[in-house]
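Participant: Just need the whole structure built from these sequences, with the hints factored in.
These protein sequence lines map, in sequence, to chains A and B. When you line the first sequence up against our numbering, it's residues 409 to 591, in that order. When you line the second sequence up against our numbering, it's residues 352 to 484, in that order.
One thing to keep in mind: the hints can contain errors.
Stated by the list, open to error - The calculated lysine-lysine pairs, modelled on BS3-like cross-linking and capped at a C-alpha distance of 27 Å, are: (1) B:K408 x A:K540; (2) A:K478 x B:K458; (3) B:K451 x A:K457; (4) B:K415 x A:K540; (5) A:K478 x B:K408; (6) B:K479 x A:K563; (7) B:K451 x A:K540; (8) A:K458 x A:K469; (9) B:K408 x A:K458; (10) A:K585 x B:K415; (11) A:K585 x B:K408.
Unchecked claim - To spell it out: a stretch of chain B is covered by chain A in this simulated footprint if at least three of its residues, at any positions, have a beta carbon under 8 Å from a beta carbon of chain A; those stretches are: (12) 398 to 411; (13) 415 to 421; (14) 439 to 453.
Rather than coming from a laboratory, the hints here were simulated on the basis of the structure. Just so you know, even glycine gets a beta-carbon here, dropped at the ideal spot from N, CA and C.
Chain by chain, the residues:
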Amino acid sequence: MDIKDEALYLIMASAADIRNKNMELIKMLLAKDYYVLVITTNQPYDVLKKNYEKNEIAMEKIFIVDTITKYALGHDHEPVTNCRFINNPADMTSIGIAVTESLSGLKGKKVSMLFDSVNSMLIYISSQNITKFIHFVTNKLRLLNFSGMFLAVEKGLDPDVLTQLTTFVDEVVDVDKIPEKDS
Amino acid sequence: MNNGTTAGTVRDLEALVASLTELIDVQEKVVSEQSERLKQNEEALRESNDRFLVFIKEAAMRLKNPLEVVEENLAIVVNDIEHSESEPQNVSLQLRIQIKNLEQIRKNIIELNQAIVDHSGEMSDASKQFLIG
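Facilitator: Pasting the structure below:
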């Protein structure tokens, strides 16, 4: 998949493949010298880190906003330099602050944000609020001239919501419809 | 026929016409009111159906899709266990997340049921309690 600097993408994948897509996109972004901010709403930091390491993905240029670990554990995770843990995945204000602060900390660098995923966020937040949140994040990314990718499962989204989301991004990419090629 | 009788008949006819005109006016008013009420009812029904459709679509997104997320997550955990690819604390954390996800999905179902109960007049209290309890 070829990506343009500072562009925003909605990446559609099958439910079974979304975890692999996270890995593939991270690899591709790092290969293009991006710093990556991952907002994870489904895979906890510890599992993401282990999977990245297993796939020989260096963590130095990866920053994470983890919305699920602390909520599932019911207590604090030990502090980690490259990860911010949110108390509750439904707390959009805290997620918004964490994303804003993380992006501001990367100002001046070549940055891409990976949002994984719209579908798992739907468990905790209404589609109306998710749409508002994604609008807020895409505005931030555009102001900072950063690139961004929002992972979603097409079949899990109402066509009206999908249409709204497509208005916030530059391109919608259905990864199941593009031929495999080396990054 | 004398003039007096003719004048009386004309007066009777005029009175009948006036009475009929009044009746027609009343009928027109009633028909107009009924038609307005029907229009309002149709509009309310259409709005209610639109709201219900929006609600059903949101419910599908927040029930069907999240269950698929949990299903995939559990399949990954099982695969990790079978291939000894995850440390016990990570397996435990991933399962805890699925418990939280299922808790939230249950809350979302109750929220959906509550909306159905609120819009349904003909339901026994026992049924209502079953749906939202």
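Participant: Are the hints correct? Go through all of them and say.
Facilitator: Okay, the hints, checked on the actual structure:
The straight-line distance between the Cα atoms of K408 of chain B and K540 of chain A is roughly 18 Å, inside the 27 Å bound, and the hint therefore holds. Between K478 of chain A and K458 of chain B the alpha-carbon distance is near 20 Å, which keeps this suggested pair within the 27 Å criterion. About 21 Å separates the Cα atoms of K451 of chain B and K457 of chain A, which keeps this hinted pair within 27 Å; it holds. Distance check on the hinted pair: K415 of chain B and K540 of chain A sit about 22 Å apart at the alpha-carbon level, within 27 Å; holds.
Using a Cα cut-off of 27 Å, the hinted pair K478 of chain A and K408 of chain B is violated, with the two alpha carbons roughly 30 Å apart. Taking the CA atoms of K479 of chain B and K563 of chain A, the gap is near 32 Å; set against the 27 Å cutoff, the hint is violated. Between K451 of chain B and K540 of chain A the alpha-carbon distance is near 24 Å, which keeps this suggested pair within the 27 Å criterion. A hinted pair counts as satisfied when its Cα atoms are at most 27 Å apart, and K458 of chain A with K469 of chain A qualifies at roughly 15 Å.
For the hint linking K408 of chain B to K458 of chain A, the alpha-carbon distance of about 37 Å lies beyond 27 Å, and the restraint is violated. Distance restraint check for K585 of chain A and K415 of chain B: the Cα-Cα separation of roughly 24 Å lies within the 27 Å cut-off, and the hinted pair is therefore satisfied. Note on K585 of chain A and K408 of chain B: the hinted pairing holds, with a Cα-Cα distance of about 26 Å set against a maximum of 27 Å. Under the rule that three or more residues need a Cβ within less than 8 Å of chain A, the assignment of the region 398 to 411 of chain B holds, with 3 such residues.
Here's how the region 415 to 421 of chain B fares: 5 of its residues keep a CB closer than 8 Å to some CB of chain A, so the rule of at least three is met and the hint holds. Counting residues of the region 439 to 453 of chain B whose beta carbon lies closer than 8 Å to any beta carbon of chain A gives 9, which meets the minimum of three for the stated coverage.
Comparing the model with each numbered hint stated earlier shows that hints 5, 6, 9 do not hold.
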